[in-house]
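Please construct the entire structure, taking both the sequences and the accompanying hints into account.
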Amino acid sequence: SQQGEEDPQALSIQEGENATMNCSYKTSINNLQWYRQNSGRGLVHLILIRSNEREKHSGRLRVTLDTSKKSSSLLITASRAADTASYFCATDPGSQGNLIFGKGTKLSVKP
Amino acid sequence: NAGVTQTPKFQVLKTGQSMTLQCAQDMNHEYMSWYRQDPGMGLRLIHYSVGAGITDQGEVPNGYNVSRSTTEDFPLRLLSAAPSQTSVYFCATGGRQETQYFGPGTRLLVL
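Chains A and B are the protein sequences, given in the same order. Quick note: the first sequence uses my numbering, first residue 1, plus one each step. Quick note: the second sequence uses my numbering, first residue 1001, plus one each step.
Hints may contain errors.
Restricting the straight-line Cα-Cα distance to at most 30 Å, the calculated cross-link-like pairs of lysine-lysine (DSS-like) are [unchecked claim]:
| no. | chain 1 | residue 1 | chain 2 | residue 2 |
| --- | --- | --- | --- | --- |
| 1 | B | LYS1009 | A | LYS106 |
| 2 | A | LYS103 | B | LYS1009 |
| 3 | B | LYS1014 | A | LYS103 |
| 4 | A | LYS56 | A | LYS103 |
| 5 | A | LYS69 | A | LYS106 |
| 6 | A | LYS103 | A | LYS70 |
Derived by calculation from the structure, the hints in this document are not laboratory data.
Now the structure itself:
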């Protein structure tokens, strides 16, 4: 079953604009992770945010987590054409470390 | 360090054939997992292992078998391939409740 639901399913922006993707989930979690997948490639880890954290930054990426609303957002600032990819949120709800993925947001950044 | 490697990169099978997808990691993590990714979907967990000699089922285990004789290797066996198993398969490793590192994937087509 899909735990996370990303919104929007697809996003098209111009280079230099900011891109915001949202993720909602259903159960309590240990952490939430964001991954990027370029077309036909594997997943690249972007950020892990733990349930006791509210915000995290990494370069041009900013992730927020609201456990009361069971939601997270990923902000990419000053986007580049190279940011074109699918972005997935994955939640870790149990004790084993198994991840549950959403269906992803397909981001297209036009030069 | 190679990280997570998967072989083969691409495979075509006929219905009823069996095969083994290989996954190896040199990151010395105890936790390893297999996911499948279907078009328009996020990743779904097939099987996972928290250490050598220990395996367990994920969300979609039917038709697949795993074993974990060493820390480094976690092969996934398709017992009798079916068209519904056409998918991209990803292996991952990492600490429990930590970042997961994914391999490049194996594309499987079952005719």
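Do the hints match the structure? See the list:
1. For the suggested pair B/LYS1009 and A/LYS106, the alpha carbons sit about 24 Å apart, so the restraint of at most 30 Å is met.
2. At most 30 Å may separate the alpha-carbon atoms for a hinted pair to count; A/LYS103 and B/LYS1009 meet this at roughly 23 Å.
3. Pair hint B/LYS1014 plus A/LYS103 holds up; C-alpha atoms about 29 Å apart against a cutoff of 30 Å.
4. For a cut-off of 30 Å, the pair hint linking A/LYS56 to A/LYS103 stands: about 22 Å separates their Cα positions.
5. Our distance criterion of 30 Å between C-alpha atoms is met by A/LYS69 and A/LYS106, whose separation comes to about 23 Å.
6. At most 30 Å may separate the alpha-carbon atoms for a hinted pair to count; A/LYS103 and A/LYS70 meet this at roughly 17 Å.
Of the numbered hints given earlier, the model fails none.
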